[in-house]
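Visitor: In the order they appear, the protein sequences are chains B and H. For this note's numbering, count along the first sequence from 1 and bump the result up by 145. For this note's numbering, count along the second sequence from 1 and bump the result up by 70.
Some hints here could point you the wrong way.
Derived coverage of chain H by chain B (criterion: at least 3 residues anywhere in the stretch with Cβ under 8 Å from a Cβ of chain B; other residues may be distant) [said to hold, decoys possible]: (1) 108–115; (2) 253–260; (3) 325–335.
None of these hints come from the bench; they were simulated from the model. Backbone N, C-alpha and C define an ideal beta-carbon position, used for all residues, glycine too.
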Amino acid sequence: MTSRAEVLGALSGVRDPELDEPITDLDFVSELEVENGTASVRLRLPTYFCAPNFAYLMVADAKAAALSVPGIESANVVLDDHYASGEINGGVNDEHGFDGAFAGETEGPDLEELRTIFRRKSFVSRQEQLCRELLAEGHTPSDLAGMTLSDVPASDSLQKYLERRAELGLDTSEDAPLVVDPDGKRVPEEAVIQHLRFARTVRVSIEGNAELCRSLLATRYGIPEREETTA
Amino acid sequence: MYEKDGEKYFVVDGHGHFWDASPENWVEGQEQYGKGWIECFYGYHQLGPEEYYWPMEKFQKYSEETMMKDIFEDGHVDKMIFQPTYLKSWYKEGFNTIEQNADLAEKYPDKFILNGRFDPRDGDEGLRELERQHERYGIKGVKCYTAEWHNGSKGWTLKDPEAKRYLEKCEELGVNNIHVHKGPTIWPLNKDAFDVKDVDDAATMFPNLNFIVEHVGLPRIEDFCFMATQEPNVYAGLSVVTGALMHSRPRFFAKVIGELLFWVGEDKMLFSSDYAIWEPKWQVEMFVDWDYPEGHEFDDFPRLSTEGKKKILGLNAARLYDIEVPAELRLPEAATDLQSVEPTVS
């Protein structure tokens with residue numbers, strides 16, 4: 146019989162596309178029940194007016210994650226306390242897609258373009274985090290420009306960077322260059338410092354938004370506040 | 071005016087409201103949105119210091135006396151730029167219209183600078199309304215809230231062809247300060263509503279207008295920074311940045327200020343309390359006392375001097391709005407020659 150822990154494990158693979166953190170870490174999963182092959186999940190967000198497109202992606206991804214667990218035959222994911230809960234829950238659980246849920250309000254192909262923009266940002270941010278650690282260990286920017294993925298010692302930051310890199314369909318083989326742009330193009334040695342300066346701003350923005358959203362969620366639902374992260 | 075350690079600061083609060091979000095003002099059948107909106111604001115409110123929390127009832131609707139005391143008596147503010155936010159789909163008389171603001175602004179003409187608003191979806195009628203606001207109130211600025219709901223539409227962007235007509239009208243009238251406030255919805259809804267690319271395009275197309283991006287584009291600070299560093303007429307409105315972060319997330323606040331100083335520079339940052347989400351008093355006091363926290367992660371950000379704080383707290387906004395600053399509160403002559411100051415990063 147499929148356990149709750151297995152479904153929760155699958156849900157931890159779902160990220161908020163803007164904040165680049167698992168929805169389980171962000172405390173967005175408020176309820177999870179697993180019974181007779183059916184998973185029932187409730188999600189909550191920091192505000193009533195959180196952007197509906199990202200909310201939709203999380204609900205849809207949570208449903209797909211729950212269904213990916215062997216033994217789960219049906220999954221019902223409900224977003225609570227959101228201005229567009231009705232449209233989003235209906236769209237995901239009845240499989241109308243975002244376009245169907247918000248008929249007449251969208252243009253072009255569903256949400257994939259939006260998802261790609263944020264995957265690129267996540268990639269840039271994770272690369273900067275990894276490079277920052279390597280620089281702190283004594284590598285120079287020009288070392289980084291010459292390094293391949295196999296030159297980087299194993300770490301949590303490397304793991305996350307490789308995952309983001311793979312999501313964009315970029316080369317993750319051992320001899321691939323470490324510092325590449327979101328299109329996979331190697332960043333030349335003379336451009337590495339500036340590349341990382343831009344990347345830092347992206348990381349500060351993503352991490353900061355995550356901090357702000359944690360604060361708002363804590364305020365909204367009376368959750369005890371965590372210490373501020375200081376990375 | 072705020073005085074600390076022998077230094078005097080002229081304070082312009084760049085973004086304040088006088089709103090009515092009480093249940094009596096909710097549109098029938100749309101109550102959940104009127105309620106949801108003010109509850110959302112109340113969540114932000116609680117990111118300020120606890121001793122400044124208001125009860126929800128007061129937060130929904132506060133009196134003129136409360137506002138005047140919080141801002142000008144206790145809050146150290148010399149002038150406030152009064153920004154309207156209509157939201158008439160949710161609030162019968164509007165959340166905070168130019169008329170509501172004008173009641174106070176006309177009563178205390180030396181305290182407020184009254185801004186107007188436009189929404190390009192109002193067509194020709196809206197253009198005439200913009201002219202009326204200029205003629206009636208002599209506005210020098212407008213606030214644009216791009217996520218406003220309007221007849222089934224959930225928002226707009228400055229890229230819309232209609233918006234161009236309005237910006238041309240602003241230029242013609244001398245309404246030079248365009249405060250842009252992004253929100254979570256837009257048309258089309260499947261795109262990133264917080265994207266500031268439209269501001270970039272408008273700023274290039276209208277070099278004589280100033281674009282003040284409220285809450286520095288949060289949650290797209292990075293896109294805002296990369297854009298503002300290239301556009302001489304784009305400014306950072308610090309609404310929400312000081313209110314939501316300085317107290318509750320000081321280390322992140324320091325990084326955001328550091329990034330803004332690096333990309334945008336202290337000559338293009340404008341303090342705003344975003345009253346009544348937060349009161350200006352603690353924000354002004356804490357900002358004057360502010361410095362980077364301990365830790366090497368802040369080492370390579372530009373420092374912020376007393377002079378820089380004076381610019382951000384008031385002198386920059388005074389420049390944009392032609393506000394007369396008392397001689398004793400100005401910077402020494404050389405330092406105020408801001409026209410010659412280049413952006414910090416090319």
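Visitor: For which of the previously enumerated hints does the structure constitute a violation, in increasing order of number?
Guide: Of the numbered hints, all hold.
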